[in-house]
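Peer 1: The lines below spell out each chain.
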Amino acid sequence: MKSTRRRFLQTAAAGIGLTALSPTLSAASEAKSFGPDEVGMLYDSTLCVGCKACVYACRSENFDADSSSELDEKALAEQRWHDAYELDYRTKNIIKLYQNPDDVNDFAFIKRQCNHCQSPGCVSACPVKAMTKNPVTGTVQYDKNICIGCRYCQMACPFKIPTFEWHMTFPKISKCELCRQTPKGTPACCRVCPAKAVIYDKRSILLAEAKRRLAENPDRYINKIYGEYDYGGTNVLYLSRVDFEKLGLPNLPNYSYAGVSENIQHTLYKTFNHVPIAPVALYAALAAVAFVQHKRRGKKDAGNEAKKDGGEK
Amino acid sequence: MSSEHTYVKAPGKLITPTTVILALIVATGFSIIGYRLVFGLGVISNLSDGYPWGVWLAYDVAAGSAFACGGYSVAILCYIFNGWKYHPMIRSALVTSFFGYALAGLSVMVDIGRYWNAYGFMMPSRWQTNSVLFEVAVCIMGYTVVLLIEFMPSALETLRELKPNSFIKKLADFTAPKLDKVLMFFVVLGMTLPTMHQSSLGTLFVITGQQLHPLWQTNLLPLLFVSNAILLGFAVTLFESGLSAAGFKRPFEAEAFGVAKVVPIVGFFWLAVRFGDLIYRGHILTAFTPSFHMVIFWIETLLITAPIFIFLGKLNPRKLFYTALLLTLGGGMYRIDVYLVGFNPGDNWYAYFPSIPEALITFGFIALEVLAYIVLARLLRLLPAVHTAHN
Ligand code: SF4
Ligand code: SF4
Ligand code: SF4
Chain A
1 MKSTRRRFLQ
11 TAAAGIGLTA
21 LSPTLSAASE
31 AKSFGPDEVG
41 MLYDSTLCVG
51 CKACVYACRS
61 ENFDADSSSE
71 LDEKALAEQR
81 WHDAYELDYR
91 TKNIIKLYQN
101 PDDVNDFAFI
111 KRQCNHCQSP
121 GCVSACPVKA
131 MTKNPVTGTV
141 QYDKNICIGC
151 RYCQMACPFK
161 IPTFEWHMTF
171 PKISKCELCR
181 QTPKGTPACC
191 RVCPAKAVIY
201 DKRSILLAEA
211 KRRLAENPDR
221 YINKIYGEYD
231 YGGTNVLYLS
241 RVDFEKLGLP
251 NLPNYSYAGV
261 SENIQHTLYK
271 TFNHVPIAPV
281 ALYAALAAVA
291 FVQHKRRGKK
301 DAGNEAKKDG
311 GEK
Chain B
1 MSSEHTYVKA
11 PGKLITPTTV
21 ILALIVATGF
31 SIIGYRLVFG
41 LGVISNLSDG
51 YPWGVWLAYD
61 VAAGSAFACG
71 GYSVAILCYI
81 FNGWKYHPMI
91 RSALVTSFFG
101 YALAGLSVMV
111 DIGRYWNAYG
121 FMMPSRWQTN
131 SVLFEVAVCI
141 MGYTVVLLIE
151 FMPSALETLR
161 ELKPNSFIKK
171 LADFTAPKLD
181 KVLMFFVVLG
191 MTLPTMHQSS
201 LGTLFVITGQ
211 QLHPLWQTNL
221 LPLLFVSNAI
231 LLGFAVTLFE
241 SGLSAAGFKR
251 PFEAEAFGVA
261 KVVPIVGFFW
271 LAVRFGDLIY
281 RGHILTAFTP
291 SFHMVIFWIE
301 TLLITAPIFI
311 FLGKLNPRKL
321 FYTALLLTLG
331 GGMYRIDVYL
341 VGFNPGDNWY
351 AYFPSIPEAL
361 ITFGFIALEV
371 LAYIVLARLL
381 RLLPAVHTAH
391 N
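Taken in sequence, the protein lines are chains A and B. Numbering of the first sequence is given in our numbering, commencing with residue 1 and proceeding in unit increments. Numbering of the second sequence is given in our numbering, commencing with residue 1 and proceeding in unit increments.
Honestly, I wouldn't trust all of these hints.
Said to hold, decoys possible - Below, simulated DSBU-like cross-link-like pairs (lysine-lysine); rule was C-alpha separation at most 35 Å, straight line:
hint, chain 1, residue 1, chain 2, residue 2
1, A, K295, B, K13
2, B, K85, A, K295
3, B, K85, B, K170
4, A, K129, A, K144
5, B, K261, B, K9
6, A, K246, A, K144
7, B, K169, A, K295
8, A, K270, B, K9
9, A, K295, B, K178
10, A, K196, B, K170
11, A, K270, B, K169
12, A, K295, B, K9
Claimed, not checked - Covered by chain A, according to a simulated footprint, are these stretches of chain B (three or more residues, beta-carbon under 8 Å):
hint, stretch
13, 31-44
14, 209-216
In short, the hints are calculated from the structure, not lab data. The model shown is predicted, which means the values in this text are computed figures rather than measured ones. Just so it is clear, CB atoms sit at the ideal spot from N, CA and C, and this is done for glycine as well.
Take these sequences, add in the hints, and give me the full structure.
Peer 2: Laid out in structure tokens, this is it:
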């Protein structure tokens, strides 16, 4: 009954040309696979004590004198950090608290930073390759020397991670790049965490570890590793006792919207030997019709205005 | 093919109270742009990491470029469907299109933070062809050039009327016939490029996923945006005929009534896709579930549906003008709803509303567009020679 109705709707939709783009969705859901050397982090919300050592470590590791206001520098010198409520240009990593309003004892921390997605919205969105995914490590990196500051990466990130230096004359995008500038390898947050709530390793190892924890302590966690499949999989994985949505990690499908968008583009702009077929075909068709119309009009004109405009072409 | 009989200059002087006021609004807008270039985007705008795209992209680019689709819509009608019948309308449509696009491009340059890196679009090594924005940017740049070329005949025509023997006249005399030969190539490009980037302006928001309200988020955004652009192209052309009839004190163009009859065809197609898609995605009930977005949805739908039905009936110049205005509002509202109203990055962000300086910059751009149109219409032969309207 239900399926007949669905079939009917589909046929009806096809009738008015609606399904032209529907292959895009099915193709998008095929997740890409993670390379063997891709790295990431595992954050276990049940271990985090909310000390924010990681927030401070991240800020000093990534401190950029060029884009800091005087206040920022003073705070840093005094070993204080401003109270950031959201990620911002100087806060690439933040700890947030979830508090159940009806129960003081029901709370949990969540660490937010770039998830280094498998099929990242920001990379797909960037028109000039300023956001790229490192093919070996899987880290999503930013190059300010190429960036035009269009902020489409911000629009395209489902986790709202990239931030912009709104206060600067010459602003840039800022986001976690797994401390790629440091020679030490391990990102600052994972180096300093006293509770080992956030650890750094190859993604395959982290995934195995997360599964082990889930299997050993099924009562401690909700039965899900956030990032295993969400949004097509992310290199950062999360474990939690509390529903992920309450922690601010959105409920996303198992495919990336970047994939959907790219599929639409690739369907419409499929190329053959670097020539986009559809636009060229459209051009040819329009040209043919326009030419015929032009000819027809030419004949009519020739009849009417032959005397008047004969000499001019 | 002489067009001397087809087009005329608009009557009137260049400096009038209207043009002076417009010039003042332009000056205000541009001084704020100067301020923004020195002190950054944050100081003058309400943009935030939650709402990184504001009114400049929603109005100036998404809606503005569609308002500038007159040249595109009339070209399709004229060169493809009815054998040049509405050709007299095309010049003024092309001029407004050119300004619309040029200003969309300009406001993008004001909007982007690292504008000095924009030359990257010229470097193939930086092309990121998966990016919808890349396609939009390249197509819009290309189309602006095409519009400029399509507009050349009117400019050359005026230059050829200069005193004989002047160098410019000779140059114009030399170029005009050559241009005439290749013009058709650009005219067809002028129909292809907008089809591409107007659809992509919709595709841009597919990647925002759950952040765009389900009443607007769909994989059919490209189809909805391109047909909406054609609809708006007609609406704005009609609106402008009415406006220039009143403003330049000319009789109403008879061709406009013919164009008005085409609007319902495109309109019903758009509505069919819009509602068919809502049903197909299972969100038709969302349109009837009381919420802020429901109200917005119905205002938008009504502003588009009502004019379509009015266009089906009997028309007079006045009615045509106001109906076209309604349709322009409705069609533009759809685009702004996708870019701003339906966009919600999450609960932690204050809703966005443009700041006063942000709005003043946009007003400056609009004023510049109107001003440039008035000046050019008085200097060049843009408007159709009038065969008095009768209906
Ligand atoms: S350093 Fe570790 S324990 Fe402290 S807030 Fe960060 S993740 Fe939590
Ligand atoms: S979390 Fe956002 S910024 Fe990070 S890779 Fe994914 S889409 Fe890009
Ligand atoms: S702001 Fe920079 S990094 Fe982000 S999409 Fe635009 S060009 Fe790319």
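Peer 1: With reference to the structure, classify each hint as holding or not holding.
Peer 2: Okay, the hints, checked on the actual structure:
no.: 1; hint: K295/A with K13/B; in the structure: violated (40 Å)
no.: 2; hint: K85/B with K295/A; in the structure: holds (14 Å)
no.: 3; hint: K85/B with K170/B; in the structure: holds (32 Å)
no.: 4; hint: K129/A with K144/A; in the structure: holds (10 Å)
no.: 5; hint: K261/B with K9/B; in the structure: holds (27 Å)
no.: 6; hint: K246/A with K144/A; in the structure: holds (34 Å)
no.: 7; hint: K169/B with K295/A; in the structure: holds (30 Å)
no.: 8; hint: K270/A with K9/B; in the structure: violated (45 Å)
no.: 9; hint: K295/A with K178/B; in the structure: holds (19 Å)
no.: 10; hint: K196/A with K170/B; in the structure: violated (80 Å)
no.: 11; hint: K270/A with K169/B; in the structure: violated (46 Å)
no.: 12; hint: K295/A with K9/B; in the structure: holds (29 Å)
no.: 13; hint: 31-44; in the structure: holds (count 7)
no.: 14; hint: 209-216; in the structure: holds (count 3)
In terms of the numbered hints stated before, the structure departs from hints 1, 8, 10 and 11, listed from lowest to highest.
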